[in-house]
Amino acid sequence: MTTASDTTRDALWRRMFSGRSSAIWIATIILFVLSPLIAPGSLGTAPLLSMLPFASVLAIAAAGQTLVIQQRGLDLSVPGMMALGAVLSSALPQGEGWPVWLAVILGVVGPGIVGLINGFIVTVFRLAPLVATLGMNALLLGTVFFLANGTPSTAPAVLTKFALARTLGIPNTLIIAIVVIVIAGLLTQKSIIGRRLTAVGVSERAAIAVGIRVNLYQTFAYGFAGICYGAAGVLLAGYTQTPQLFLGDTYLLPTVAAVVLGGTVLTGGLASVFASGIAALFLTQLGQLLRALGWSDAQQLIAQATVLILVVLIREIVPRIANRVKSSRKAPTTSRVDATTR
Amino acid sequence: MNNINELAPVDTIAPTSGVTPPVVLLSLVGIGKTFPGVRALHDVNLEVRAGEVHALVGENGAGKSTLMAVASGALAPDQGSIEIGGVALTSASPDEARDLGLAIVRQDPALLPDLTVAENMAIGVGFKRVGGLRNAPKWTQERLDPWQMGVDARTRIADLTVEQRFIVEIAKAIALDPKVLILDEPTEHLSLEEVQRLFRRVREIVAGNAAVVYISHRIPEVKEVADRITVLRDGQVRGTFEASGVTESQIVERVIGRSLDTVFPNKADASVAGIAEYQLAVRNLTSEHFHDVNFAVKSGEIVGLAGVQGNGQSELIRALAGLGPATGTLHVAGRPVKLGNNYAAAQAGTVYVPADRHGEGVFLPLAVSENVVMKTLPEVAPGGAVRESLIHKIAITQIRNLAIKAPSPRAPISTLSGGNQQKVVLARTLLSTPKVLLGEEPTQGVDAGARVDIYRILREAADAGAAVVVLSSDGVELQGLCDRVFIMSRGAIVEELVGDAVTEAAITNAALTSTSTVEHAAKRQGRFGGFKGWLRGDSSPAAVLGLIFLLLGVVVSITNPAYFSPFNINNLLLLAAPLILVGAAQQVVVLGAGFDLSVGPLMGFLVVISSFWVVDGGNFLVGFGLMILGALGVGFINGVLVTRFNINPVVATLAMFIALQGIYLSLRSTPGGIIADSVMAAISSRVSIVPVVTIVAAALALILEWGLRRSKWGVQLRAVGSRRDAAERLGIPAKRVIMMSYVLCSILVLPAAVIMMAQIGIGDGAPSISYTLSSVTIVVLAGASIFGGRGSFLGILAAALLVEQVVNISPFLGLSSAWSYWLPGLITLVAAVTYTAIRGSRRKAAR
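Chains A and B, in that order, give the protein sequences. Heads up: the first sequence at position 290 corresponds to 290 in the numbering used here, and the numbers run straight through without jumps. Quick note: to get the numbering used here, add 342 to the position in the second sequence (first position is 1).
Simulated from the structure, these hints should not be mistaken for lab results. C-beta: ideal position from N, C-alpha, C; glycine also. Any given hint might turn out to be false.
[As the list claims (entries may be wrong)] To be clear about the criterion: a stretch of chain A counts as covered by chain B if any three or more of its residues have a C-beta under 8 Å from a C-beta of chain B, and this derived list gives those stretches: (1) 38 to 47; (2) 109 to 121; (3) 145 to 158; (4) 175 to 182; (5) 258 to 264; (6) 276 to 286.
[Said to hold, decoys possible] From the structure, some residues in chain A lie toward chain B, with a derived Cβ separation under 7 Å: (7) Ala23; (8) Ala27; (9) Thr28; (10) Ile105; (11) Leu106; (12) Arg213; (13) Asn215; (14) Ala322.
[As the list claims (entries may be wrong)] Some chain A residues close to chain B (C-beta under 7 Å, calculated; not the full set): (15) Pro99; (16) Gly142; (17) Ala206; (18) Gln244.
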């Protein structure tokens, strides 16, 4: 029998690398090794420093999407949420003269509240998450348009300075991303809340039967996701200085792609925020590499879609093949189990 | 008790009637079937003769349903052969079995909830046999009327009661004129009168020299209707008997096949009687399924709930666990507990061990250890952080204590056998030191060895201070385990057995004599009549939306007369045309329980293609040809990804959304390519103030509506969307139907793209993006179920007009541009919430 410390280490290691998540770690390492070989300009200090902030923003947003997908949802309100975070943190100080700190907090918390509303609509009114978040996205875009009076505003200088700065050589955006992901990761993997979220995602009915307040936990997941989108929006606003009004539009598919690449299943339950974060890094570096090879933004879109479909296809096909191999080998094992139960 | 071995199986006795050998209609030889961890069937032989009712009896989990699944081609056996009417069944195919003359009525009827009774009948017995969809209602009504169940052939299955559905299923099977009819537990939901009608019909069928296989665990019924009886236990045949030659008790012994004394732990000792307080006290508990239930259980006691299935026991025990609604009062350990709240019940110390182990008991993909601690997480998370080492340690202890056979605590619980999974559920239960333990069929589908352990665990829980309530349909189990037993009938406790009076015979007797059949005269008559029924129908949204459309028009025209100007009406109708088409496109996919997010960018993609060819001096034919190819290709790829590779439609079409955007941006990063004037003029032509394209779009919607209601295509599409597994069981090629829905969707987007091309007059994809949301808004507004199966193209027509009107009136009302986002979003949410409230939500797990 293994000792306790053994199992702890093993379990943590297992959670990070095992099963569906391991593929993305390996793929990311391979990508970084290959990048300089394929396009020499794609992995210097400068390209790395220009890539990491975008990877950070995507990773934070993907953490939110992971939580929603874990609850068998799919959050189509990411664009509106990020835009709301950006517009609150930039338009309010510029237009209404709000203090920057308050605007930034509102930019993070505001989408969180909208997320709670999403969760409420999904759990209490029993709306399909897809419909609820699609409708909410339109409401959010309208609100963003209204708040900004239809014209993009400039992010506060303090925010921009922070987003562009580095601490000990590490971009602040990356530090924020790591903080958010570690919090979200520990929350989902190591806390009681996280275990219950997993339980609800795996089987709502079984979770109800053991006395978990399912609606509360699901609503929480949407709310926390909103906070993540808000944080991503605020950071992106700061980094881009004059954020486009609908800056979140290009982030919807990448968040879904990152979650899927990270190995979280769309049928809910088992999810890994860490893996989604690594997948965000992978996707952004892939974009960097393609850009270095001279691909246009439009072609990047095609590449993103292709990568997503390829990964989903591989995840679908590999188990089928593995099952076929296993079933031809497994026959004796089954009979042994059978014998012991009798 | 009689010696089991005194009973001589009929096979060894010479046939009683005549000398000619009987015609065998169904013959199963040497059937074996193993599921992971369970040997469900072992060397089973069964012979069903023409002109007989052959009963198959056995406990839950004895293998009856598995055997019949094998016989009907739904399940491939590991060994053995099947012959129907003398012809061998060559493959496990329900279609082949049906063609050979076998019909089966399963416990879970293969009915499509969103389709009408007549449509279900047409699918079940073939469109030809019912004389086409037009004649189906009349034909179906003729077959249903003899049952006097008040079923209208035009009602939707979802609006029928459970017993009405069962009768439809039986009528459907009989309408096939089968040689062999299998009825699997047919009387569970039927009243006494209905059971008698069923038996008369069964007699008529066998009089016509067909055979009926009658599966049941109700021995008295079996004795009444069957000619011969085959007993199945633990997957093996324990003999076939002439029904007239055996007594009920002789059959029961064969069915149970074990002696009582060795299995059960000692009952509560006398000290329990001395306890004055009750751990669980129930007063005047009432719900739709039970009424005025009063009882109390002391700590240390095990109390049984018995009665014929469907008399409210299950609903009662769920209500005690906070999983079902009830009024009245419930006290646990002297404190009142809020009813209908799972969390309140859990906090009070009530724990429920569910009957549906896979659905409610275990978290299948999770490890054994995680399943064990799921209810007591705070104990493995000192300071809020979950410690794997603690989980592991607790799991190992529990595995040892309860003798759970698991390869490791980290093994997924799905790899364990049923009995061991149940022990994990019990381990979780015991860890929370319950004040009240509620067990529903705790040993269902559990092998004999694990059963003994489970009885011991339950008794130990009681000894540790819990009040235990066990619901079981197994009288022997109740006799051996319980200190007291309550018999329920028609939602009320009708009898209490205490101490030595708790015997299997007394339980069975009490349950059966207290008129064991379901009472439901009250709820029979049309559950949703009149206005409410109409509201739930398919035609109501179109009418309501149409009315709102007109009212809104009138209201706006009062504030601003320019609204009714020919220019504005022409403009409104013109802009509504592409909405009608994309709405209809989305509706086609949604009807099949799919989703297509790529409709918007597909329009943009097609417009950009056109801007290279449909220009002055360009080759129009090539342009339109490429647009057609583009639409077909996109629909085909979407369909392949969803059907062939089982990719979630949202993910597949979201990827397509982005890819198409990338493609049209690669082709034209900025707007360019002026569309030829002649083409634009042709597309913009109108009759009086009505644009031709709008007439075309409306006509297409009408044709689709007709096809949806009247053609085989429409019925199959709705069938697949309504319940794919049932549709497949009924022989509908679900994959092909879904594939076609994506292709048709893209084909319908094509004319929408052509109209948009004329409207913007230049190769630009950007304006197309918003059409994806619009299409979803329209579908939701039109009252379609987002989960598939129901919808109306008339509704789409009305919804598209209304959506365009809402966008159109903003300037007339002086609303800011923000409203062009707010309004569609609001409409989508409000409409979806309203429809869900009216119809009640179905399949909430689906997206």
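Hints and how they fare:
Here the stretch 38 to 47 of chain A counts 0 residues with a CB under 8 Å from a CB of chain B, which misses the bar of 3, and the coverage is violated. Residue count for the stretch 109 to 121 of chain A with a Cβ under 8 Å from a Cβ of chain B: 1. That is fewer than the three needed, and the coverage hint is violated. Counting residues of the stretch 145 to 158 of chain A whose beta carbon lies closer than 8 Å to any beta carbon of chain B gives 3, which meets the minimum of three for the stated coverage. Residue count for the stretch 175 to 182 of chain A with a Cβ under 8 Å from a Cβ of chain B: 0. That is fewer than the three needed, and the coverage hint is violated.
A count of 1 residues in the stretch 258 to 264 of chain A with a Cβ less than 8 Å from any Cβ of chain B is obtained; the coverage claim is therefore unmet, three being the minimum. Residue count for the stretch 276 to 286 of chain A with a Cβ under 8 Å from a Cβ of chain B: 0. That is fewer than the three needed, and the coverage hint is violated. The beta carbon of A:Ala23 is not positioned within 7 Å of any beta carbon in chain B (closest approach about 17 Å), and the interface hint is therefore violated. Violation of the interface hint for A:Ala27 is found here, the shortest Cβ-Cβ separation to chain B being roughly 18 Å, above the 7 Å cut-off.
At its closest, the beta carbon of A:Thr28 sits 20 Å from a beta carbon of chain B; the interface hint therefore is violated under the 7 Å criterion. The interface hint given for A:Ile105 is violated, since its Cβ lies 24 Å from the closest Cβ of chain B, which is over the 7 Å cut-off. Hint status for A:Leu106 relative to chain B: violated, with the closest Cβ pair at about 19 Å, above 7 Å. A least Cβ separation of about 5 Å between A:Arg213 and chain B falls short of the 7 Å threshold, and the interface hint therefore holds.
Annotation: interface hint on A:Asn215 violated; nearest CB of chain B at approximately 10 Å, more than 7 Å. Hint status for A:Ala322: violated, given a least beta-carbon distance of 15 Å to chain B, over 7 Å. This hint is violated: A:Pro99 has a C-beta 25 Å from the nearest C-beta of chain B, more than the 7 Å allowed. Using the Cβ-Cβ criterion of 7 Å, the hint placing A:Gly142 at the interface with chain B is satisfied: the shortest such distance is roughly 3 Å.
The closest approach between the C-beta of A:Ala206 and any C-beta of chain B is roughly 5 Å, which is under the 7 Å cut-off, so the hint is satisfied. Hint status for A:Gln244 relative to chain B: violated, with the closest Cβ pair at about 14 Å, above 7 Å.
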